[in-house]
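Mind docking chain B on chain A? Use the hints.
There are 2 protein chains.
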Amino acid sequence: MKTLAGVNPLDNLRIVLVNTTHPGNIGAAARAMKNMGLSELYLVAPLKFPADEATWRASNAADVLERAVVVETFDDAIADCGLVIGSSARERTIPWPLLDARRACEQAYREASKQKVALVFGREDRGLTNEELQKCQLHINIPSNAEYSSLNVAMAVQVIAYELRMAHLANDQPIDVMADWDFPFAQADDIERFYTHLEQTLSEMGFLKADAPKQTSARLRRMFQRTRLDAMEINMLRGILSSAQYWVKKARGENS
Amino acid sequence: MKTLAGVNPLDNLRIVLVNTTHPGNIGAAARAMKNMGLSELYLVAPLKFPADEATWRASNAADVLERAVVVETFDDAIADCGLVIGSSARERTIPWPLLDARRACEQAYREASKQKVALVFGREDRGLTNEELQKCQLHINIPSNAEYSSLNVAMAVQVIAYELRMAHLANDQPIDVMADWDFPFAQADDIERFYTHLEQTLSEMGFLKADAPKQTSARLRRMFQRTRLDAMEINMLRGILSSAQYWVKKARGENS
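Residue numbers (my numbering), protein chains in the order written: chain A, 157 to 412; chain B, 157 to 412.
Hint data in this document are derived by calculation from the structure and do not stem from the laboratory. Hints should not be assumed to be uniformly reliable.
Since copy identity is lost for identical chains, a pair holds within one copy or between any two.
Result set (DSS-like, lysine-lysine): computed pairs, CA atoms no more than 27 Å apart in a straight line [claimed, not checked]:
id : residue 1 : residue 2
1  : Lys405    : Lys365
2  : Lys291    : Lys406
3  : Lys365    : Lys291
4  : Lys270    : Lys406
5  : Lys406    : Lys365
6  : Lys204    : Lys270
7  : Lys370    : Lys291
8  : Lys270    : Lys365
9  : Lys291    : Lys270
Just chain A, same shape as in the assembly (with noise of 0.2 Å):
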């Protein structure tokens, strides 16, 4: 193992599918991984490859698929590596080292920075053999429905590919729920001048004094307070206040 400093860790995360049967899940999962930023694939003794099936599941995804190493055996795939996570159903024989799907990512990620790690999927119908997966360091599981546990392999590298991306993302902030927001949020004196309107229009209106004025300000105000009024908004708001206003005092007779 050498250190590879300076590496992009996603770099060195190497997805192995050990004697797929079907192409269109090669290239299932040679999207899912384009998808999620991996890009080194290693096919053990594959049934069908290359194949259409594969590269018209693959999409936007072929280089992944022209770039992908075929090999003989389970070792060939797994040689330079110095992890090897075995993807298994959770019912084995003898207990092993086993992580859920997003602790195996996180480790596998930090791992990553420094050497080459591989993550291995079995065949469609059985999964790795119990040789196979006593070749790994550490077993992956990823939850599932008792009912119903197998997923699709493409679908499993599809979760695995999307947790190491989330382990990428983890030192940067989470999303901002309304970050670039089109316009700036409103001020509170803004907002103050917009329920005072408020407040009077609908007492033009005759809606405040019919209906209780302390309690349908105070669900007005927690309505607007709750959605983070803009400033584009508190305007839209504002005119149409004012459009009922000369509304109500055109029916009046107010009006000039």
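Leaving out everything else, chain B in the frame of chain A:
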């Protein structure tokens, strides 16, 4: 909305697929759902369903496909839902409250203990339309590689279903900012009726016409959607609209 005590939140989480073109994706989504313990699938005008390809890809999740509800319109699929979350690429002309998959699923799961929650996925080639996204309260984004960010729709369902299961498995529930609300949240169909009433009233007032109607409608919708209107607020707002309509009519001499 009635309180659904003792309900498994996973049973209140609905996956909605809009105008899916490839039946294989419907089948793959059904399998992903069942693997993660979800069962409620709505299909809005799928191109081809039922279909052999869907059944084949569903594997042992044929029961999810058999119980899938096919509807004609987006509105039909979300009508009885108290929270509607739309999957979105990040760049939109009007920014909208956006959460990453993990946080959105935590919120969806929490709220599914008391009401139906829809998670909506768009077309293979272009996702959800702006109009559809504007009927959602929240947008969800699966973090992905900027160079190739478009996930296959069934893969996106898999990631979201996985995160919902992880939320299901989490012992410590984070604090719900709107837990124990005093009124039930408004259902999607009531909210749509409010928008119809709002637009009609603003038209009668001459406000919408004057001020670029589509843009204004979209902005009003964004403002109200992100506030999560409750049933009492809807009544109050509609009362205000009716009052405004009364004054416009009166001003025009149309009242009796």
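For this session: Check each numbered hint against the structure and report the violated ones by number, ascending.
Result: Violated hints: 2, 4, 6, 8; rest satisfied.
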